[in-house]
Amino acid sequence: MTASFTATIRERVQRIETMPAIPAVFLPLLKMLSSSTEEVRIDEVVRLVSYDNAIAAQCLRVAGSPLFGLARSPNSVKGAVISLGLRRVETILLTCCLGQAFPAEKWALDPYVFWGHSLGCAMVCRKFSEKLTAVDGEKAYMAGLLHDLGFMVNCLVFSREFAGAMERACQEEIPLYEAEGATMGFTHCETGQALAEKWKLADDIIEVVSCHHVIGQSQKAQPLVAMVHLSDLLCRMRGLGYGYYERRKIDLMSDPAWSILLKESRDLEGVDLARFTFELDEALGEIQALVSTVFGASPTRR
Amino acid sequence: MTIAPQSATAALAPIRGSEPVDPVYRQIRDLVYKVSGIYKAEEKLYLLANGCARRMKEMGARTPREYWNHLAALSGRDGELRQLLNEITIGETSLFRSQPQLDALRKVILPEIVADKTRQSAKRLRLWSAGCSTGEESYTLAMSMLEESDRLLKGWTVEIVATDLNDHSVEAAKAGIYGDYALRTTADYFKRKYFSAVEERKLQVRPEVKKLITFSRLNLQDDSRMLGMKNMDLIFCCNVLIYFDGASKSKVVHHFFSNLNCGGYFFLGTSESLMKLNDEFHLVHFPGSLAYWKPSLSSGKL
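Those protein sequences? They're chains A and B, same order as listed. Mapping of the first sequence onto the numbering used here: residues 844 to 1145, in sequence order. Mapping of the second sequence onto the numbering used here: residues 7 to 308, in sequence order.
Calculated directly from the structure, the hints in this document are not laboratory data. Please note that a few of the clues may not be correct.
Within a straight-line C-alpha distance of at most 27 Å, the following computed DSSO-like cross-link-like pairs (lysine-lysine) qualify [unchecked claim]:
| # | chain 1 | residue 1 | chain 2 | residue 2 |
| --- | --- | --- | --- | --- |
| 1 | A | K970 | B | K282 |
| 2 | B | K217 | B | K199 |
| 3 | B | K160 | B | K123 |
| 4 | B | K282 | A | K974 |
Working from the sequences, and respecting the hints, build out all of it.
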């Protein structure tokens, strides 16, 4: 891609800032996640969320959903932090904020499908991270949740072009990433990177956003990028893709990303990938429940 | 006659999908997986619980815990576990049972094998339904192949070998007469095209489908017969290996691997896995289904 084209993308991504739908707490939350220490953050999270009643209410509803297995719903954000732990509340909060930031009617990609994929990927990343000491579980979750940020940019800023890519992907049953490249000349990796940089996300998350389809280009966060790459593929093969049939075969253990992760931990060799897959299927219902809780309606009723 | 206490009666009542199940069923699920490779996902745990309830009634166990103790103490395949496996796999057979598997077959696998074999000028396809029971899977495969006879498989010879240990099953399979239950997942299109009405509420497979298949009796543990089943492109063996112990299963799977052509695929039941039993096959994912692949020579992975 040429430098001027990249500049065009960046310039158009700048416009996102003027979108009225972004909750005020969103950007401070992102900044806090990448900078503050945990002690500071508990009070900060509670303070930030109290600015926005809608977000606070939604966050508590999600925290009380069966997904997190609490016996009783927390009745305050601080209560949620105590019962679920700070990092989980942060990820719930981030999901709620992102959900509000990009209203459903703007999307060429069905938001239920998109969030199902992102949350599925986040869960698989966390599960992978249990096998790898080098990657923190909550960082992995965050990386999975945010890796496709670029699709949101494409829906909002390049909606016409992206709708064309989506149509082509569905018709030819090819990966959306390939259809984007073929029809638009750029992909959600570049647009996502522009937004991630603008939001000053952590460097490793920026790499995940920009390199999860081209892991060879990752320099600083290879295991994290490799993990997201594999989780993304697995989700797309197990009903958490982009809502259409992808005509392809995936051999995860022969993927270069698998070798990268193997270097981090030989424990991965002992993983029963079939069972890992069946367990992901178990989480499908939970993920749909979470998406419904965040967006307030069941996907099946839409 | 003894009268069961109230709690036991409650424990034996059928459990519905929405009700929480006794945590002991997760232990039973893990034991079943360890021994057989069959995995009952969380949302299907009630099916396992109902299978257990029928066995508990049969053997007079009053609580799931009591049943678990019995299972764990005598977990050999010839004991109670075999009965339980019968309970949980019974009635799973129907024609066109796994659509994702059939989609993978027609959309991904066939085009790949056809391209591969066309290069070798070998327009012949051999499929094996190993443990074909009463023929549902074999006929499903035959009809799927016939659907491609004017397209991908034009000018090809297709041969389906279907075997089972049980003579009665083989005879029933040859007759090819099915009622509503076996046809519950068969689209009207296929019923009209490939079946004739024979008696009230029963349909029989037409001769043009039958002529693709050779049914015979075969014991998968008969090494000399297994050695003769060469040059297969696809092998299907659903819910059969669950009855074998580790060593026999390993031997049979190795036979399957040897009997497959390079580039061929081996399919198990939808929730069944080889676990870590064989490292020659590559576990591959298709949308919604899994298969074990014997890499082709051209892939450089053998």
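Here is how each hint holds up against the structure:
Between K970 of chain A and K282 of chain B, the direct Cα distance comes to roughly 19 Å. Compliance with the 27 Å bound is thereby established for this hinted pair. Distance check on the hinted pair: K217 of chain B and K199 of chain B sit about 15 Å apart at the alpha-carbon level, within 27 Å; holds. For the hint pairing K160 of chain B with K123 of chain B, the CA-to-CA distance comes to about 13 Å; that is within 27 Å, so the pair holds. As the CA atoms of K282 of chain B and K974 of chain A are separated by approximately 17 Å, the hinted pair is consistent with the 27 Å bound.
Of the numbered hints stated above, none is contradicted by the structure.
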